[in-house]
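Just so you know, the sequences run in chain order A, B, C, D and E.
Last residue of the first sequence: number 315 in this note's numbering, and the count goes up by one each step with no gaps.
Last residue of the second sequence: number 390 in this note's numbering, and the count goes up by one each step with no gaps.
Last residue of the third sequence: number 255 in this note's numbering, and the count goes up by one each step with no gaps.
Last residue of the fourth sequence: number 423 in this note's numbering, and the count goes up by one each step with no gaps.
Last residue of the fifth sequence: number 233 in this note's numbering, and the count goes up by one each step with no gaps.
Don't read these hints as lab results, they were simulated from the structure.
Because the structure is a prediction, the values reported are computed rather than measured.
Check each hint, because a few of them may be wrong.
Each computed EDC-like pair below joins lysine to aspartate or glutamate, with the alpha-carbon atoms no more than 20 angstroms apart [stated by the list, open to error]:
1. 8(E) / 96(E)
2. 198(C) / 7(C)
3. 112(C) / 212(D)
4. 91(B) / 156(D)
5. 117(B) / 140(D)
Listed here are the chains, written in short residue letters.
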Amino acid sequence: MEFTLITLLNGLSYGLLLFMLSSGLTLIFSMMGVLNFAHASFYMLGAYLAYTISTMFGFWPALILAPLLVGVLGAMVERYGLRSVHKYGHIPELLFTFGLSYVIVELVQLIWGRSTVPYKIPAELDGPLFTLYTTTFPIYRGFMMLIALLMLLAIYLVLTRTRIGLVIQAALTHPDTVEALGHNVPRVLMLVFGGGCALAGLAGVIGGNAFVTEPSMAGTVGSIIFVVVVVGGMGSLVGALMASLLIGVLQTFAVAIDYSFISLLSQFGAQITSMTPGYAVLKLTVSQVAPIMPYLLLVLILIFRPKGLMGTREG
Amino acid sequence: ENVKVAFIDTLSGAFAPIGQNQLKSYQMFAETANQQKLAGANTLEFVGFDNKGSPQESLTQLKTVIDQGYRYITQGNGSGVALALIDAINKHNERNPGKEIVFLNHAAIDPDLTNSKCSFWHFRFDANSDMKMEALTSFMAKDPSIKKVYIIGQNYAHGQQVTRAAKEYLKRKRPDIQIVGDDLHPIGQVKDFSPYVAKIKASGADTVITGNWGADLALLIKAGKDADLKANFYTYYAGTTGVPTAMGAAGADHVKQVSYWHPNNETFSGKEIVEAYKKKYNDDFYTLATYNIVQMLSKAIKEAKSTDPTKVAFALEGMKFNSLNGEDEMRKADHQLQQPLYIATWSKVDGKTVKYDQENTGYGWKTDQKVDTYIAAQPTSCVMKRPEKS
Amino acid sequence: MSAFSLELKDVRKSFGKSEIIRGTNLQVPTGERFAVIGPNGAGKSTLFNLISGRFGISSGDILLNGASTVGLRPFEINRLGLSRSFQITNIFHRLTVYENLRCAVLWSLGYKYSFWHRLNGLKDAHERAEAVLEQIGLQRRRSVAAGLLTYAEQRALEIGITIAGGADVILLDEPTAGMSRSESDAAVELIRKVTVGKTLLMVEHDMSVVFGLADKIAVLVYGEMIACDTPANIRGNAKVQEAYLGSHAPEEAAS
Amino acid sequence: MTYQPLNLSRWLIWSGFALMLIVAPLVFTKGASLSLLSQIGTVMIFSLSFNMLLGQGGMLSFGHAVYSGLGAFFAIHAMNIAAAGAPIPVVLIPLIGGIAGMGFGILFGYVTTKKSGTTFSMITLGLVELVFAASLMFPEFFGGEGGVSTNRVIGEPFMGITFGPQIQVYYLIAFWLFISTIGMYAFTQTPLGRLANAVRDNPERVEFIGYDTQWVRYMTLILSAFFAGISGGLAAINFEIVSAENVSALRSGGVLLFTFIGGIGFFFGPILGAVVGIFMTVMLSDFTKAWQLYLGVFFILIVMYAPGGLASLLMINVRMVAYGMFRRIAPMLAAICGAATVMFFGAVSLIELLYHVTLGAGAGPMMRLFGFDVDTGAPTAWIVGAVLLVAGGIAFYRVKAPFQHVWGEANTDIEAITRKVQA
Amino acid sequence: MTALLELKNLHAYYGKSHVLHGVDLVVNEGEIVSLLGRNGVGRSTTVKAAMGQVDATGSILFKGEEMIGLKAFQIAHKGLGYVPENRDIFPSLTVEQNLILGEKKGRKSRWTLDDMYTMFPRLRERQHTAAGVMSGGEQQMLTLCRTLMGDPDLIMIDEPTEGLAPKIVDLVAEYLNALKNRGISILLVEQKLAIALEISQRVYVMGHGSIVFEGTPADLRANDAIRKEWLEV
Ligand SMILES: Nc1ncnc2c1ncn2[C@@H]1O[C@H](COP(=O)(O)OP(=O)(O)OP(=O)(O)O)[C@@H](O)[C@H]1O
Ligand SMILES: Nc1ncnc2c1ncn2[C@@H]1O[C@H](COP(=O)(O)OP(=O)(O)OP(=O)(O)O)[C@@H](O)[C@H]1O
Ligand SMILES: CC(C)C[C@H](N)C(=O)O
Ligand SMILES: [Mg+2]
Ligand SMILES: [Mg+2]
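Looking at chain A on its own, in the form it has when it is part of the complex (with noise of 0.2 angstroms):
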C-alpha cells in the first residue's frame, strides 16, 4: 500500500512535470504548425538561468524571472530566425529548430561549462511535507505538482477568454488574409511562441532543481516530450496533460515491477530454462523495459489510434 501511493505520487509528480514541458510545445504546434524541436532547450535554459538567477537573488526572483528571460528569448528567436523560415515551410522550420537545439546546447556549455551545476531545491521548500507511513513526501515535489495546476488554469484562461487561438490558426494556413482583416500576425506568432518558450522555462525552473541541471537534460527529455504530445494527439492540450500523467505513472511503476515473461508463465506451471525459445525476451522484467514504455506506447497508438488519445486531426 505504502508502496503503491508513493510510486502513484512519484509518477503523478513526474507526469505533471512532463506537462509543464509539454503544454507549451502542444500550444506552439497547434496554433502554430511548428514543430518545436528546440522546446527542451529553453527547458534547460530555464534551468541555468534560474540557478545563475538564484545564486544572485535567491529562487522566487528566478521563479519570476528565468521564464521570462526564456520567453524573450523565444520571441527573439521567433522575430530573427523562424520567421524568415516560415516562407518555405514546415519541415524548414522544424529543421531550423533541430539546428537551434544543437546550438543551444553548445551555448550553455560555453556559458556554464559541460558538467553538472549546482542548482539546488531553496531552503524553505527542502524536506519532507507529509510522511506516508514511513515514507517521506518532499514538499518540493508538492510545490512542482502545484505550479503545474496554475499553469495549466493559466493557460485554459488565456485560450478561452481571447481571441489569440483562432488568430493564430487561421494564419496557419493564410497569413496574409488574416492581416488584411486586421490582426497584426507576425506580433501574435512572435507572442505565442516566446509564450510557449517559457512555459519550458517555467518547467526547467522547476524541473532543474528537482532532479538535475546539466547540458544533457534537454536530450532526457526531449524525445520524451514528442511522445507526449504525439500519445495525446497533435495540439490538444487536454491530450498532452492526460498522457502526461500517463507516462508518467506508466514509467514509475514500471520501474518498480519486476516481474518477467517467465514470473507469469511460471505461475501456470511452464518451465523456462535459457534454452528455451525467445528467452532473452521472456526473462525481461517489466522494469528492464520501462525506458521503452514511452516510444512503445507511441507506436501502439500510432498503430490503433493513430488521432492520439484526444486529437481531433491526424498528422
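We have chain A already, so just place chains B, C, D and E with the ligands on it with the hints.
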C-alpha cells in the same frame, strides 16, 4: 623526449566532473614528476580527449590519437570503454608492429580486464571489483545486524560484475543474509531514483550494496534521503565528485566505502597532495591511481632507458613501488596492481581520525579497517601473450 | 459488360449529422458527355469525391463499367479506368510539365512501382507523354516546373494529367473556373478533343460551356438529382429554372 | 530530362568519380587522412540513402540510423561468425548489412510510412528511441553499453589482402560507395523514383493517377534502408565495433545535418554534405572545442539563407558561369564574401576566446588562435575580435544591397535568355 | 462627392517583376466602381497593393490619408476592407469562427453575426461546420461576410462570383447594391461583364498594368473599340 599520454575519458556529460578531476591530477603530478626528473631526461604530458563516456567514441578518439602519434593512453571511467579499448589496442598492436600502444587503466575495475580479457598492453592500477568485494563482504560478514541486502547497479560491465560478486561472496560468507532485490538501471540516464528507492523500502532491506559512481550514486542517495530511507549503503565510489554533497550530514554513519586509499588513512599519507590539489583546483583529490601511474610510468621509462612502449611495458611488469597506501606490486601474471584496501565510514570531521573532509561538507572518511594486500588478492585466469623481448 | 460506364444507385452520403447526398441515381452510357449542374453546395464536388473514391459512401452503390467500386481506394478506382480532375488545381509543382504527364501515364502502361526500369528508356511512356503534351498545347513549356505555369496553363495541365493515363471515364470538376471567355473557349475545345470516344462527367457553372459540350445535363439540388435530360429539355424545365438558373436564361449565357 | 537512350557526359562523370575514389588516398597521404577518407565514404552512402527519403520522397526522418545501425550489428555478427569458421568473405559483409537494413525497412517502414509530413518525423523519432532503448535490453545481441566488437582480419589472406591495413579497407569502402552511388542515382531515374518526387510534391494527386502513396513511400524507404544498411556494414568493418550509438537519435540527427548542409535538392548534395560534415566533426574538433557550435550555426545559416544547401549555392554560381555572367557579379561577390570573412574571423575569435576562458580554465590565460599566441586575460584580443566582427558586419550590411541588385539583374537576364531559347 | 480612395501613379512589383505601371483610380463615397480587364492585367494586384500586400510606390490615399508604408492590418483598421480572390477561408475553423475573426478589436461594427446569417441562410445552417469542407460557393459567401464583419467603409472585392451558381450570382449583385445603399463604397474586380455593368456607377478598364478606360457603364457599352481591344478576344 616529451612522452605524450592521451587521456581518453569522459570530459562532458553526467560524469564529466570525475574525468576532469582525474585529468587535473594527472597534470599536477606530471608537472612535479617533470620537475623532479623522475623519468630522467624525458618529460610526461597528459592531454585530454573527450570520449563522452561511450565505447565507440573512445575508439574514434583512439584513432585520432594514434594518428597524432601518441603511444600511451589512459582511461578509467567505465569498464565498457576499457573493454572496447583493450580490444582495439590488441588489434592495432598486432597489425602495426613497431607502433604499439600501451593502455594505463586508472579506474576501470571489471575483473575480466585482467582475467579472460587480459592483455600485455594493459595495466590496471585500481583494485578490481572482485578484490574490493572480497574486502567489503568480509567486513560485512562480521556485522550480525545485516539481514536483508538490496543490490543496485548501473547496467553495464562494472555494475553487472558487482552484482554477481556480491551475491556470490555473500552466499559464501553469510548464507543467512537474504538478497531481497537487485536492480540494474541504465547508466547515466536516471535523473529520479525515487521509484527505485520506493522499491528498496518496500523490500525491507537494511543494507544496500552499490557499485554506482558519480551522478548515479549522488542521485540515488539524494532520493533515499528525500524518502527517509534508513538502510546503510555499502559503496565503491561514495567519494567521487557530487556524492559527498548529496550525502551531507544525512549520510553520516550510514554510508561506507571500499577503496584503495583515502586521505584519512592511518598515517594521513598523501596529505600534501590533497592540500596542494585543493589549493590549486579547489577540488578533492581521490584517484590515487593517477599518482601511481605517473610515478610508475616515469620509473619504468627510466629503468627501460627508453620511451618505447614495448620496453616500458616489460619494465612495468612486476614492478614494485612504494605508494601512499604501502608497497604495491604490478603483478606480472595479469597486470593487476596488488595493493591494500580500506573500508571507511562517512563521518563528521573530528580532527583526529577524520581530518580531511570532502566538498567542504565537514564530513569525511573514517577508516574502519585496512585490509591487507594478501587478503584482498584474487587468483587470475589470465593467459598472457607476450611479444618477443628484443 | 454493362451499357453504362458509370452508374449510381441510390447513393447517399452524410457528414456527421447532415446528409449531403440524398439518394442520387445516375446512369452514364458509354461514350456520352454528361454535365452536372446545380447550386452551390448542392453536392456536385462531393459526388465526384464519392465516385473517385476520395470519400466512402454511406449507402447505395456505385458501378464502374458494371462493377461495384464501393470500398475501393482512389488509386484502385483509377486503375479500373476512371480519372478525375480537381476544382482547385492539383498538380506536381516541382516537377516539369513533361514529368507531370509522364508520371500520370506510368501505371496504365504497367510499370507499377518498378525500380528496375530506366525511365528514360521507356519509349512508350515518352511517346504517350509527348502526345498529351501536344494535345494540351504545352509543348513549349515542357521543361518548365509546373508550379511556374500561369493559371490557365496549370488548368490545362490539370486536364492533361487527368486524361494522360488513358482512362475511359473522365470526371472534370469546373475545368474552366477562373478563366476568361477566350481561355474557356479554348478549354472547351481541348476537352472536346481529348474526350472523343470517352465517357465524360463534368461539373460546370459556366452555362455556355455546359450547353456547348454536354450531351445530357444532370441537375443536382440539395443532394438530389432533380432532372437529367438533354440540354434542350433542361432549358425548358421550370424546376431547374427556379432552382438554379434564375434569370440567366441559357440562351443569353450561350451568346 | 527527356528521352535519352544514351548519354556520353554521364559516362564521363561516373568515370571521373571512380578515378577520384582511386587516387584520393594517393593525394591525401597525411597520417589521419586515410581513416578520414574511409569514414567519409561510409557517411556518403548513408547520407545519400537518407536523401532518398528527404530530398526525393519528402520524408524527414529523425531515425534513419536505425537501418544503418541494425545493418551494422548484423554485419558485425556476420564477421564474428565468419571468424568462427563460416565461409563469408569480408567483401560481402556490407551486403549482409544492406539486407538486414532492408529487412528492418520492411518491418518498421510498414508502420512509419503510414503517415507523411510531420507525423512521419515524429514516428521515426519515436522509433529510433525505441530501438535504442531496446538495444540496451538485449545485451546478447547488442552487447549492452559496450557494444559488439570484432576483428576484420578473418581467415586466410586473399591475394595478400587481409583488410587489416586501413588502405585495403578504404578501397573496399570506395568500391561499395561507387556501386551504391550508381544504384541510388539509378533509382532517381526509375518510375518509382519519379513517383517518390510526385508524392513529395502532392501526395493527394498521386492517389488519382493510380498509385498508392503509402506504398510508394514504403518501397522508397525499404530501398533507402538497404543502402543505409550497406553503409552500416562498412562502418562495422571500418571501426570494428558497433554499439547502441549506431542506432541512436544522435546518429540520425547527424546524417540529417550533413545531408541538409550538402543540399537535398541535388543528387550530389549529400556527397558534399558528407565531406563537409565529417571534416567538421573530425578535423575541426581537433582544432577547437567549439566545433559543434560552428556546425549548429552553420546548419541554421543554411536553413535560413540557403535552404538548397551547399549544392545549390554551388549550382547558382555555376549557372552564372555557364551564362557568362560571372565576370559581372564577381566584384560584388568578392566584396560580400570578403566582408563575411572578416565577420567570420571576428566571431570565431570571440567564441574561441570565450571557450578558452570558460572551458579551458586551468590551462592558463594563454592560447593559440589562428597561429598567434593570445592572452585571454588582456583586452587586446577581445577588442581585435570585436572590431573585426563589427567592421565585417557593417561592410556586409553595406554591400548586401548592391550585391543583391547585381545578382538579381544577372538572374533576370539569364531568365530572359532561357525564355528566348524556349520560345 | 468626395473621394474615399484615391490611387495615384501606383506602381507595384512582385520581386523584380514590375506589374503595375502607374495606375490612377478613384472611388467616391457611396459608389460601386468596377475594375475590368483580361486575365493577368493586374487587377488583383491593384487591390492587393491598396491593401498593403504588394510592394508598391506612388500614392494611395484613403480618407485623405497616405496608406503606402502601412502594414495590412493597419490599413484594415482605417476602414478598408478586402475580399481576396481565391476564397481564403480558414479551413480548420468553423464558419462562425471565420466570421468572428472578421471583427476588429476596439471597433464597434454595424454588422452582427445575425445580419450575415440573414443575408445568406446557407451559412447559418453550416455555422458549426469547418469552413474547409464547404462547397466552393459557400466559401465565397463566407469570405464576403467575414470582411463585412470588420465594418469597412470601403470594400474591395476580387471576383466574388467565380464559381457561383448563376442564381447566386444574381443574389450577390443584389447584396452589393444593398451594401451601397447602407453607405458602403465598393471597388469590384469582376470577370463577368454583364454584372459589372449592371450594378456599377463607373467602370475602369485595365490593360497591361495601367488604366486604359474610365467612364460609366453606358460609355463602355457604347465604346466598341475599347471593348474589342481590352476586354474581348
Ligand atoms: N505572386 C506573384 N508573383 C509573381 N508574379 C505575379 C504574382 N501574382 C501575380 N503575378 C503576375 O502579375 C500579373 C498581374 O496579376 P493579377 O493577379 O493582378 O492579374 P488579374 O488581372 O487579377 O488577373 P486574373 O484574372 O488572373 O486574376 C500577372 O502577369 C501575374 O502573372
Ligand atoms: N468533408 C465534409 N464534411 C462536412 N461537410 C461537407 C464535407 N464536404 C462537403 N461538405 C458539405 O457538403 C455540401 C456540398 O459540397 P460540394 O463541395 O459537393 O458542393 P458543390 O456542389 O460542389 O458546390 P460548388 O458549386 O459551390 O462547388 C456543402 O454544403 C459542404 O459544406
Ligand atoms: C571511474 C569508475 C567509477 C569506473 C568504474 N569503476 C568502472 O569500472 O566502470
Ligand atoms: Mg464544387
Ligand atoms: Mg485576379
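Here is how each hint holds up against the structure:
1. 8(E) / 96(E): The given pair, whose Cα atoms are some 38 angstroms apart, is violated under the 20 angstroms limit.
2. 198(C) / 7(C): Roughly 15 angstroms separates the two Cα atoms, so the pair holds.
3. 112(C) / 212(D): Judged against 20 angstroms, a Cα distance of about 10 angstroms means the pair holds.
4. 91(B) / 156(D): holds, 16 angstroms
5. 117(B) / 140(D): holds, 18 angstroms
When each numbered hint is compared with the structure, a violation occurs for hint 1 only.
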